[in-house]
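Here is what each chain is made of, one letter per residue.
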Amino acid sequence: MSLIDWCIDKISGHGKVESISKIDSTTLELTHQNTNTYAVSVFSCERMNLKSISDIDIQKVDFILNIKKDAYISGKLMQLMESADFSIGGLGDLYSALGSGNLSNYISKEMQFVIRGLSQHNKVKRIYRLDNRRFEIERKLLPDVTILVLNDYDLTAESVRSGIDKYGDFDSILTSNPNCRRSSNAEKAAENSGRKIMSWGELMGNLNKKWN
Amino acid sequence: MIKNQKQTSGDHSVNYMAGGDIVINGLTREELLSLLEEHSKREAIPQEELLSTREDVKEVIAPLFEENSHIFHTYGPMTEERFNPESEMPEQWLRKIQDFILPNNRKIVETIERNKKLLLDFENDIFTKFKQHVDDFEAKHTGKTKANGTTFPEDILLILE
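So the protein lines, in turn, are chains A and B. Position one of the first sequence corresponds to residue 0 (numbering that gives the first Met the number 0), numbered consecutively onward. Position one of the second sequence corresponds to residue 0 (numbering that gives the first Met the number 0), numbered consecutively onward.
These are computed hints drawn from the structure, not numbers from a lab. Incorrect hints may have been included.
Stated by the list, open to error - Within a straight-line C-alpha distance of at most 27 Å, the following computed DSSO-like cross-link-like pairs (lysine-lysine) qualify: (1) B:LYS116 <-> A:LYS165; (2) A:LYS108 <-> A:LYS122; (3) B:LYS57 <-> B:LYS116; (4) A:LYS122 <-> A:LYS67; (5) A:LYS195 <-> B:LYS95; (6) B:LYS115 <-> B:LYS57; (7) A:LYS195 <-> A:LYS209; (8) B:LYS128 <-> A:LYS108; (9) A:LYS122 <-> A:LYS59; (10) B:LYS95 <-> B:LYS40; (11) B:LYS106 <-> B:LYS143; (12) A:LYS75 <-> A:LYS15; (13) A:LYS195 <-> B:LYS139; (14) B:LYS143 <-> A:LYS187; (15) A:LYS50 <-> A:LYS122; (16) A:LYS187 <-> B:LYS139; (17) A:LYS124 <-> A:LYS187; (18) A:LYS209 <-> A:LYS68; (19) B:LYS106 <-> B:LYS116; (20) B:LYS130 <-> B:LYS95; (21) A:LYS50 <-> A:LYS15; (22) B:LYS95 <-> B:LYS116; (23) B:LYS115 <-> A:LYS187; (24) A:LYS195 <-> B:LYS145.
These numbers come from a predicted model, not from an experiment.
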């Protein structure tokens, strides 16, 4: 079964999809219950940047479905996404986007919470998305800080180390999952790399102080 | 008609083959009955008694699993609330672990342990995994360890069928 056929099979089961058809070997078109028609480009890539989507006609696409789980999306591609009105995500994201009926401006629930919460903090002047999981936070009268947002339920040393490998430079890990369980080794791995792990409440408090 | 054919995926779950026949834990109903017949001879438990006692044990543990499952799916860490860092659901979830899930788990383990001779070999393996999961989960939620243990073995829901 080809990738596009596999995707059609998965998406056609969604309750909000009225009909779905293949446009070409990488693009499908679906009609939503809200009567809108959306073009979805199907793709598989660990690290997404401007070059990796150069073959996709973004003028004609509403959603780029990347079947690689937890893929990296570069900051420049995030900016292009916003300005050109298309979204990128995995199958779970596409399902949520179909649920909301908005495929071209989809933002995950997790990022909606984080962006809104950071923007409302009185010490935060501006936030910049460095990629799909890192934010640079410009603060009033305090140094800028960079956070990596991870939604792991079990935050292990491996989660910390793979976060560093994948996303590179940041000051702290924000555990966006309210149920997150941090192992002692995760704390040690973060500490040894000169970073901190913070829950949402801890981050909100620490944004008032100098921490880096 | 029950076909004497194992599902190809071989996982321990209830599935339906192309002909519509039920496969339980990777076994057709015929295969399961044959294993129970062998077990009845080996353990010297009359077959009727073996089947009815297995059913009785299942009736005790099934509601406990159902209650745990309901709590997990309503308050647990996999709901949509996991994307809301300000969610207050974890407080409820942690309380319900103490008040319902841990006591239910203990009752399930005690009940199966008391009736262990009724278990087929593969069910015993599943029960061993479940016991370790219960121990890991309890250790985590009673403050004995910060380490994350094994996950819930879904196959346990299909033993004693």
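Here is what the structure says about each hint:
1. Restraint check: the Cα-Cα separation between LYS116 (chain B) and LYS165 (chain A) comes to about 50 Å, which exceeds 27 Å; the hinted pair is violated.
2. A hinted pair counts as satisfied when its Cα atoms are at most 27 Å apart, and LYS108 (chain A) with LYS122 (chain A) qualifies at roughly 23 Å.
3. Taking the CA atoms of LYS57 (chain B) and LYS116 (chain B), the gap is about 14 Å. The hint holds against a cut of 27 Å.
4. A distance of roughly 36 Å separates the Cα atoms of LYS122 (chain A) and LYS67 (chain A); the hinted pair therefore is violated under the 27 Å criterion.
5. A hinted pair counts as satisfied when its Cα atoms are at most 27 Å apart, and LYS195 (chain A) with LYS95 (chain B) does not qualify at roughly 30 Å.
6. Restraint check: the Cα-Cα separation between LYS115 (chain B) and LYS57 (chain B) comes to about 12 Å, which is no more than 27 Å; the hinted pair holds.
7. At roughly 13 Å between alpha-carbon atoms, LYS195 (chain A) and LYS209 (chain A) fall within 27 Å of each other, so this suggested pair holds.
8. For the hint pairing LYS128 (chain B) with LYS108 (chain A), the CA-to-CA distance comes to about 35 Å; that exceeds 27 Å, so the pair is violated.
9. A hinted pair counts as satisfied when its Cα atoms are at most 27 Å apart, and LYS122 (chain A) with LYS59 (chain A) does not qualify at roughly 40 Å.
10. Distance restraint check for LYS95 (chain B) and LYS40 (chain B): the Cα-Cα separation of roughly 43 Å exceeds the 27 Å cut-off, and the hinted pair is therefore not satisfied.
11. Among the hinted pairs, LYS106 (chain B) with LYS143 (chain B) is consistent with the structure: their alpha-carbon atoms are about 20 Å apart, no more than 27 Å.
12. At most 27 Å may separate the alpha-carbon atoms for a hinted pair to count; LYS75 (chain A) and LYS15 (chain A) exceed this at roughly 31 Å.
13. Taking the CA atoms of LYS195 (chain A) and LYS139 (chain B), the gap is near 23 Å; set against the 27 Å cutoff, the hint holds.
14. Straight-line distance between C-alpha atoms of LYS143 (chain B) and LYS187 (chain A) comes to about 19 Å, which keeps the hinted pair within the 27 Å bound.
15. Simply put, LYS50 (chain A) and LYS122 (chain A) have alpha-carbon atoms about 36 Å apart, too far for the 27 Å limit, and the pair is violated.
16. For the suggested pair LYS187 (chain A) and LYS139 (chain B), the alpha carbons sit about 19 Å apart, so the restraint of at most 27 Å is met.
17. This hinted pair does not check out: LYS124 (chain A) and LYS187 (chain A) have alpha carbons roughly 31 Å apart, beyond 27 Å.
18. Our distance criterion of 27 Å between C-alpha atoms is broken by LYS209 (chain A) and LYS68 (chain A), whose separation comes to about 35 Å.
19. Under the criterion of a C-alpha separation no larger than 27 Å, the hint pairing LYS106 (chain B) with LYS116 (chain B) is consistent with the structure, at around 17 Å.
20. Note on LYS130 (chain B) and LYS95 (chain B): the hinted pairing holds, with a Cα-Cα distance of about 20 Å set against a maximum of 27 Å.
21. A threshold of 27 Å between alpha carbons decides the hint, and for LYS50 (chain A) with LYS15 (chain A) the separation of about 32 Å lies outside it, so the pair is violated.
22. Distance check on the hinted pair: LYS95 (chain B) and LYS116 (chain B) sit about 32 Å apart at the alpha-carbon level, beyond 27 Å; violated.
23. For the hint pairing LYS115 (chain B) with LYS187 (chain A), the CA-to-CA distance comes to about 42 Å; that exceeds 27 Å, so the pair is violated.
24. A distance of roughly 18 Å separates the Cα atoms of LYS195 (chain A) and LYS145 (chain B); the hinted pair therefore holds under the 27 Å criterion.
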